[in-house]
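Chains as they are written, first to last, in the numbering used here: chain A, -10 to 305; chain B, 1342 to 1864.
Don't take each hint at face value.
Straight-line C-alpha distance at most 35 Å; calculated DSBU-like pairs for lysine-lysine [to be verified]:
| # | chain 1 | residue 1 | chain 2 | residue 2 |
| --- | --- | --- | --- | --- |
| 1 | B | K1420 | B | K1694 |
| 2 | B | K1562 | A | K168 |
| 3 | B | K1780 | A | K141 |
What the simulated footprint calls covered on chain B by chain A, stretch by stretch (three residues with Cβ under 8 Å from a Cβ of chain A suffice, anywhere in the stretch; the number is not a length) [stated by the list, open to error]:
| # | stretch |
| --- | --- |
| 4 | 1451 to 1465 |
| 5 | 1521 to 1530 |
Keep in mind the hints are simulated off the structure, nothing from the lab.
All figures in this text were calculated on a predicted structure; none of them were measured in a lab.
Glycine included, C-beta positions come from ideal geometry on N, C-alpha and C.
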Amino acid sequence: MSPQIEACSAVSAFRVSVNTQEARIKRQQKASPTKARDGIADTHPLGVGKDRTLQAQRLLSHPPQSLHLVAPVWNGGTRGIGGLSRVVAPEGNQKKGRSLLQFLADRFYDVEALRDHLLRKQVSKVHQKNRPFNHINQRYGPYVAGAYFILKQGGAVRFQGREWIRPNQRGHFSLDFLKLQAVPVEAVDASGCAINYQGLDSLLALKELQSLWLQRCPHVDDWCLSRLHPLASSLQELSLAGCPRVSERGLACLHHLWNLRRLDISDLPAVSSPGLTRILVEEMLPSCEVLGADWAQGLKLGPEEQPRDTAGPTPA
Amino acid sequence: MLRRTLLLGLCRGPLGRGLGTHRGGSILGKVEGRGGYRGSWMAPSSSSVTFRTQDPAHDVKTVGRLGGGDRDGKMSEIKKKIQSILPGGDWNPLYDTSYLPPEGSDVVIVGGGVLGLSVAYWLKKLEKPRGAIRVLVVERDHTYSRASTVLSVGGIRQQFSVPENVQLSLFSVDFLRNINEYLAVADDPPLDIQFNPSGYLLLASEKGAAIMENNVKEGAKVCLMSPEQLRNKFPWINTEGVALASYGMEHEGWFDPWCLLQGLRRKVQSMGVLFCRGEVTRFVSSSNLMKTASGEEVNLKRIHEVHVKIDQSLEYQPVECAIVVNAAGAWSGQVAELAGIGNGPPGTLQGTKLPVELRKRYVYLWHCPQGPGLETPFVIDPSGTYFRREGLGHNYLGGCSPTEEEEPDPGNLEVDHDFFQDRVWPPLAQRVPAFETLKVRSAWAGYYDYNTFDQNGVVGPHPLVINMYFATGFSGHGLQQAPAVGRAVAEMVLEGHFQTINLSSFLFSRFYSGEKVQEHNII
Chain A
-10 MSPQIEACSA VSAFRVSVNT QEARIKRQQK ASPTKARDGI ADTHPLGVGK DRTLQAQRLL
50 SHPPQSLHLV APVWNGGTRG IGGLSRVVAP EGNQKKGRSL LQFLADRFYD VEALRDHLLR
110 KQVSKVHQKN RPFNHINQRY GPYVAGAYFI LKQGGAVRFQ GREWIRPNQR GHFSLDFLKL
170 QAVPVEAVDA SGCAINYQGL DSLLALKELQ SLWLQRCPHV DDWCLSRLHP LASSLQELSL
230 AGCPRVSERG LACLHHLWNL RRLDISDLPA VSSPGLTRIL VEEMLPSCEV LGADWAQGLK
290 LGPEEQPRDT AGPTPA
Chain B
1342 MLRRTLLLGL CRGPLGRGLG THRGGSILGK VEGRGGYRGS WMAPSSSSVT FRTQDPAHDV
1402 KTVGRLGGGD RDGKMSEIKK KIQSILPGGD WNPLYDTSYL PPEGSDVVIV GGGVLGLSVA
1462 YWLKKLEKPR GAIRVLVVER DHTYSRASTV LSVGGIRQQF SVPENVQLSL FSVDFLRNIN
1522 EYLAVADDPP LDIQFNPSGY LLLASEKGAA IMENNVKEGA KVCLMSPEQL RNKFPWINTE
1582 GVALASYGME HEGWFDPWCL LQGLRRKVQS MGVLFCRGEV TRFVSSSNLM KTASGEEVNL
1642 KRIHEVHVKI DQSLEYQPVE CAIVVNAAGA WSGQVAELAG IGNGPPGTLQ GTKLPVELRK
1702 RYVYLWHCPQ GPGLETPFVI DPSGTYFRRE GLGHNYLGGC SPTEEEEPDP GNLEVDHDFF
1762 QDRVWPPLAQ RVPAFETLKV RSAWAGYYDY NTFDQNGVVG PHPLVINMYF ATGFSGHGLQ
1822 QAPAVGRAVA EMVLEGHFQT INLSSFLFSR FYSGEKVQEH NII
């Protein structure tokens, strides 16, 4: 977590609760501080509205979108109702799109219930995408079931000795691979797929998987990484570039993968110090080539210093 | 205008609240409909003179409470009528009573740590219909400066010898993984409990190796390693004296307990649980002499009121309650004594005290630049010393549980640094040679709610004080089992029996019958 968020959450530990109370008070008083509330993310951090304490509290407990705890680099994933506008447009638009719904939801139980319902529907959509295909598993075996799972999610699969199988633009794919029951799957490209902790069940059955690409998967987090250890004997290439929920804590449990030769951990927004993390991961996996952030990233350079050539690995 | 006239007419001065003046013994207005659900923060307790916009049941109580006679009764009727006409407004009384708890609550939870909040959460989650139960959490330290939850090292593991402990931990890990689905509050940012899935590494000498092999592994993903494998995996360990190691691969690690606490707090407040900052000083209960089926006479007690004393004040509020949950952590023994548990001839059920006491434990944070790297799990030495990595900067947290003879005085939370020099550092340096050069950065002390009987939790109702439920005594592994224990207690309160995990072996009656549920892996 970034230091700002830590400070925010530590300081605002009780202010979060106060803020919820404030929202309730407002509803009862039927005052209309909407303008004050909208004015928060606008210009000056403390706002120019009437109630500065309230706004300061709200700001502390609701950090502006850029400090969102989960980095907003989600591929099509929407966290809230206003999520679509949040993903597409920068701060100004998000605020406007959210505020009407916010306003209504604070005043009407029905709107609040509707919003909660829509949120739950989104969550259950992800669950539905990650359901296991037990009937395919029983009939055709784990390799075909895993391949079908990945293809259904929009990823690509390569069987041993064959070409990549990808779904076309409309999500359709040929079912020729159903006859490859005994052929192990060697490579899986699940970039951008909505695979999550439950969905990994299907992947972990692929015992001879050598290359796994999980770039930009919005639901892959530290818990998922701790599940990868059954693939330790075969996995040689792993890519986690751009996953918004993976942090250095999940990377710590990659040391089970002793056969790993290539690891890509670039562009992980949730990692607090990318350069240092890369060094520590390289120490942890000595025989693996780690692609990650520049070691000098995050270092403050003096006025005369130039960025050094990072060719020589000298771990601390 | 009308309001003000009535107010002036009925005002009895600042003490008009009538401390402790209750008339009529019946508990009125316990269960109301929607009143308590939508986030009343601290529900303003009813006084004789103020208007309230929520909780009409409060006013029902005032009928029996006023010192006056018929006139006051009529006044409150009129008041109720006017209340129903006026639109919702927050009427400020002449004096502020928002710090006082309500005068009645269905469930009073003594202790607002992770266990108390977990019970509150599950009570609100499992109640039918929604909003049926009013829950009050009484916590005397709103900064949590001495609470075991926030001073904890935050580990969670499934390597226990008692099967119930393993199930509790598994459920809790599931809860933590889906914490943003369980504890989602609209408009608030998602929680990040900073879980490190690095696992636990328990080392055993030859004596303990046999026990370790027998440990329950059902559902827990644990792999046993020989010293040779251990050296291959973790070259920084000195395996001298280690016969067997068990390493948890999944579902084990450590997390941020403060975040869990705040997440629970935020969620239960949004579900309508009331909070009070005060201390429980007295229980008012009634006794009934009853006969069991076999003709034996037992004295059953029932708690009717909980006296909550406000911080730094002599003022107290008697809260009428139906159920009391004792989740006071290290101080549960004192709370149980207040309820009269243990007042009786020793050796009988009446004379069985709750064997939970305060035990002080130290945690030290040190820096060692040559120390083990990112893959360091939570290592527990056969001598009882433990350590884990903290952050990315080669900092480590660790400590050791003292033996019975060297138990420090739990009167304060001062840290004894000599304890590190004498008892913690030598085994550490022996186990991890890199730790021979380290520098202690800081240290703190916290309390265990230590169960002197068998170091496992107490869950469920007391056999004699029939409406007191326990959720305490976990001796250092309470945090990691809190979500599951909260659910178990909520099920016990709402249904009368355990549904998801059967914790019948953790009931209070085992202290009387002497059946120990001994946990071998306690650090």
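Quick rundown of the hints versus the structure:
1. For the hint linking K1420/B to K1694/B, the alpha-carbon distance of about 48 Å lies beyond 35 Å, and the restraint is violated.
2. For the suggested pair K1562/B and K168/A, the alpha carbons sit about 34 Å apart, so the restraint of at most 35 Å is met.
3. Straight-line distance between C-alpha atoms of K1780/B and K141/A comes to about 54 Å, which puts the hinted pair past the 35 Å bound.
4. Coverage of a stretch by a chain is defined here by at least three residues with a beta carbon nearer than 8 Å to that chain's beta carbons; for the stretch 1451 to 1465 of chain B and chain A the count is 0, and the condition is violated.
5. Here the stretch 1521 to 1530 of chain B counts 7 residues with a CB under 8 Å from a CB of chain A, which clears the bar of 3, and the coverage holds.
The earlier numbered hints that this structure contradicts are 1, 3, 4.
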